[in-house]
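S.K.: Following the hints, put chain S in place on chain A, whose structure we already have.
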Amino acid sequence: MSLIKQLWLAILFTVTLASVGSFILSTLSSKNYLEEQLQTKNIDNVTSLALSMSQLKKDPVTLDLLLSAQFDSGHYRYIGLFDPNGKLISERVNAISHTKAPKWFTKHVPIRVHAGVADVQNGWQQYGSLVLESDVNFAYDRLWDATLLIALWTFLIGLFASYTGGKILRKILSPLNDVINQAKAIGEDRFITIAEPKTLEFKAVVREMNNLSNRIKQTVTKESARLEVLRYKINYDDVTGLMNRDYFVNTMEANLNHDEYNEGALMIFRLSNLAQLDEAMGYPQVNTLLRKISGALESACNKNSSLIAGRLSGTEFAVFCKQTTDEFVLANQLKDAITKAAEIEVAELTARFLVVTTKARKMDETASLFKVLEFILNLSSLSEENYLRVINASSITVTENNYLVEWKTLLNDALANKRVKLEHYPVVTCEGALIHNESPVRLQLEENGKWRCAGEFINWATQLNLIKTIDELVLEAAVQLLAQGANPLCLNVSASAMCDRKYIQKAVKLIKQHLQHPNILSLEVSEIAAFDHLSEFKHFCSKLKAVGCHVGVEHVGLRISRLGELHDIGLDYIKFDASIIRGIDTNETNKTLLRGLCMVAHSIGVQAIAEGVNSDDEIVSLREIGIDGYTGPGVKFQ
Amino acid sequence: MMLLICFTGIYATGYDFNKFSGLAKLRYGEEAYKNVLELQELITRLKSAPEAEKLKQINDFFNRKINFAEDIDLWGQSDYWATPLESLGRQAGDCEDYVIAKYTFLKILNVSNEKLRLTYVRAEISQQDRKVVLAHMVLSYYATPQSEPLILDSLVPEIMPSSNRRDLTPIFSFNDKGLWVGSSSQPKGDATSHLSKWRDVLMRIHADGIE
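Residue numbers (my numbering), protein chains in the order written: chain A, 1 to 638; chain S, 1001 to 1211.
Looking at chain A on its own, in the form it has when it is part of the complex (with noise of 0.2 Å):
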């Protein structure tokens, strides 16, 4: 039982004792109040009597009158003569008197009043004794009244009594829920803060508990904090920031080895005349124009998530789309923006860039694409005019067939029909149990066609606002799928998803009405919509996980110092992206930077799952790492 109830019950204890007690005592209290009155009317009236036949002639007729008219006039039920042996000589009874109290309320709170006897003489002689009895039922009338108005009031004055003392209370324990939901959430590994309440006690306990999440916290933003700087000093070039070669290109293979990867492009930029350059302005001067390069480069992949940038060598810049785009306006738009961002002062001077980019398919071998590109750009260097050549011209045609009409026609169609399902790939834990089956979506855009998968529609669908629509799509079939009884399954929901709450809503609908166990559904968001929509994130964290879903974020890699920031959601798993995992077998400071992580991760009670596992060797050094879990084209499930 709850303590407000509890106390609560105390209350009405104590109210109900005291109201009963007060009732019982004024009852009694009137009780014997009117049995003195009426004692003391017997006793005077009879008296008075007596008094009066004393001094009169003692004829029948006349004492008769007398008994007579004092029991006519008065309240009385008897009143009677006897002489000195007992006998009766004269006497009066009331028989009609009755009274309105029940039955039950005589028999149990009775007017006991004894009759009032006086002596009656003649001259020196008794001539007998007089007995006399009042009427008790207008008392017991009066006690009746008393008695249903005094229950009346109780009743009200209790009632009255329960209720505020209910209210005051709820009003006292109000801060003890907060305290409640916050020792839940810290259970529930969400370090969150609250206020602190008034009350002392309550606020020892928040205090504490306040103290508690902060450290939790503080410790994880530091400890991210430190792995970010090693990440970024293994990763990234020291001079202008970008992903050195190495990180580049594993992040470039880890996308094309993606089972989402349909196509994308990959465009280097070579700066030809950087001796020319370093010879007239110097070093210093140099470096502030390589980092206005990549400052150009960044800002356009901070416009648009599908890019990622890299300084391959000290003259080569390289993007990368990992999304089906035209590969020939985009190099253009970003060879503008690099060749005005390096516009320099000294007049005779312009830095020179020599552009070539290609389509970057699904499983295309990144070495040899690096290799042809390199070729064509020595080629290219002995013209030294600043110009972009597009290789492999065929893509697009194919860009060209799908004009943005079709797609819609074709989305809009298998939408309709819902042609959707999806697909599945094991997440196993280290012992080799399933935690869950990633499971991204395909399409059929045409009836019996070919299954799509995401890199080839997204683009468009994000370009025809359809996203939300095949995520709810999506949703759907999960909860279909979980309902007749599949293996636990993890989407992927978009950010605009995410983002909507008319989603969240119908998503919570959908898992309340088909799904017993919810926990076997997990819903999972990139690292880059979570970051970038930070508060629409929570919100829906606090909602699924409140419906009983899991949550988590994938391709944790690019933002790892912000992990601090994930502490109060009570996420469930993070997945780590397949960049850093890649080739983890090898890399040491690549397993520092890992284990550092499951460190902070386990430490806010999260699971730790590595993304794009290929080998077994990786397996074996991300067991020793002390990952929970792994998936990727490497993993199987039996």
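These are calculated hints, taken from the structure and not from any lab test. Heads up, a few of these hints could be off.
[To be verified] Calculated pairs, DSBU-like style, for lysine-lysine (alpha carbon to alpha carbon, straight line, at most 30 Å):
#1 K41/A x K1107/S
#2 K1177/S x K31/A
#3 K57/A x K1197/S
#4 K1177/S x K107/A
#5 K41/A x K1177/S
#6 K184/A x K222/A
#7 K58/A x K1177/S
#8 K1197/S x K41/A
#9 K1107/S x K87/A
#10 K217/A x K538/A
#11 K506/A x K418/A
#12 K31/A x K1197/S
#13 K1131/S x K57/A
#14 K450/A x K418/A
#15 K408/A x K418/A
#16 K87/A x K1177/S
#17 K222/A x K233/A
#18 K543/A x K217/A
#19 K198/A x K538/A
#20 K1177/S x K57/A
#21 K1197/S x K58/A
#22 K217/A x K591/A
#23 K543/A x K512/A
#24 K1177/S x K1065/S
#25 K303/A x K292/A
[As the list claims (entries may be wrong)] Now the stretches of chain A that chain S is said to cover, found in silico as 3 or more residues with beta-carbon under 8 Å:
#26 44-54
#27 108-119
Ideal placement from N, C-alpha and C gives every residue a C-beta, glycine not left out.
M.R.: Below, chain S without anything else, positioned relative to chain A:
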């Protein structure tokens, strides 16, 4: 007859001599104490004596021990009903104080309450050849309910039948019948409530050790 037996049973009077004599000594000194001892001897002697003897001895004892005094002089009140202890202690009292003392101690000697009445009388007495009318009180003794009462008076030392007392005219008589309720020896009602003079003096007698 049933009524009579019943009342005798109920009003059998208890008497705590030790308390009574102790209070006398404490409040009124040696002489009062001696008087109480003397009364005690009398009671012991009279325990099994005939009722006529009891009446005579008690009447004489109190007529002898209590000197007549006005309430206003004695108690500072125009009409004060004193208990036997107070009357014996001060060795003074007016007519109703004699009557109360005699009534109380006759009851202690097992004279039935039913036979005793405190009677208001109109008394005509001669003082220096002039007739004076007094409001007076005497104790009446009825051997049977119908019989002529014997009068125990403080003005005339001798006990006489009422027919011999032409100077007295009875007005009203009473005893404590009907005041004691049920088997309880306590007057019914709250001790703090207002009491009549009669109930008041009965309460105080009780407090002096006479039940």
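S.K.: Could you run down the list of hints and mark each one as holding or not?
M.R.: Evaluated hints:
With a CA separation close to 28 Å, the supplied pair K41/A and K1107/S stays within the 30 Å bound. Taking the CA atoms of K1177/S and K31/A, the gap is about 25 Å. The hint holds against a cut of 30 Å. With a CA separation close to 28 Å, the supplied pair K57/A and K1197/S stays within the 30 Å bound. For the hint linking K1177/S to K107/A, the alpha-carbon distance of about 28 Å falls within 30 Å, and the restraint holds.
Distance hint between K41/A and K1177/S is fulfilled; the C-alpha atoms sit about 16 Å from each other, no more than 30 Å. At most 30 Å may separate the alpha-carbon atoms for a hinted pair to count; K184/A and K222/A meet this at roughly 25 Å. Using a Cα cut-off of 30 Å, the hinted pair K58/A and K1177/S holds, with the two alpha carbons roughly 23 Å apart. Distance restraint check for K1197/S and K41/A: the Cα-Cα separation of roughly 16 Å lies within the 30 Å cut-off, and the hinted pair is therefore satisfied.
Under the criterion of a C-alpha separation no larger than 30 Å, the hint pairing K1107/S with K87/A is consistent with the structure, at around 26 Å. For the proposed pair K217/A and K538/A, the alpha carbon gap of about 16 Å is at most 30 Å, so the pair holds. A threshold of 30 Å between alpha carbons decides the hint, and for K506/A with K418/A the separation of about 17 Å falls inside it, so the pair holds. For a cut-off of 30 Å, the pair hint linking K31/A to K1197/S stands: about 26 Å separates their Cα positions.
For the suggested pair K1131/S and K57/A, the alpha carbons sit about 27 Å apart, so the restraint of at most 30 Å is met. Distance restraint check for K450/A and K418/A: the Cα-Cα separation of roughly 15 Å lies within the 30 Å cut-off, and the hinted pair is therefore satisfied. With a C-alpha separation of about 15 Å, the suggested pair K408/A and K418/A falls inside the 30 Å cut-off, and the hint holds. Restraint check for K87/A and K1177/S: the C-alpha separation of about 18 Å stays at or below 30 Å, so the hint holds.
For the suggested pair K222/A and K233/A, the alpha carbons sit about 17 Å apart, so the restraint of at most 30 Å is met. For a cut-off of 30 Å, the pair hint linking K543/A to K217/A stands: about 22 Å separates their Cα positions. Restraint check for K198/A and K538/A: the C-alpha separation of about 28 Å stays at or below 30 Å, so the hint holds. For the suggested pair K1177/S and K57/A, the alpha carbons sit about 24 Å apart, so the restraint of at most 30 Å is met.
For the suggested pair K1197/S and K58/A, the alpha carbons sit about 29 Å apart, so the restraint of at most 30 Å is met. Taken as a hint, the K217/A and K591/A pair is honoured in the structure, with Cα atoms around 24 Å apart against an allowance of 30 Å. Among the hinted pairs, K543/A with K512/A is consistent with the structure: their alpha-carbon atoms are about 12 Å apart, no more than 30 Å. Taken as a hint, the K1177/S and K1065/S pair is honoured in the structure, with Cα atoms around 28 Å apart against an allowance of 30 Å.
Restraint check for K303/A and K292/A: satisfied, since their Cα atoms lie roughly 17 Å apart, inside the 30 Å limit. Restraint check on the segment 44-54 of chain A versus chain S: 5 residues with Cβ-Cβ distances below 8 Å, three needed, restraint holds. Remark: the segment 108-119 of chain A is confirmed as covered by chain S, as 6 of its residues place a Cβ nearer than 8 Å to a Cβ of that chain, reaching the required three.
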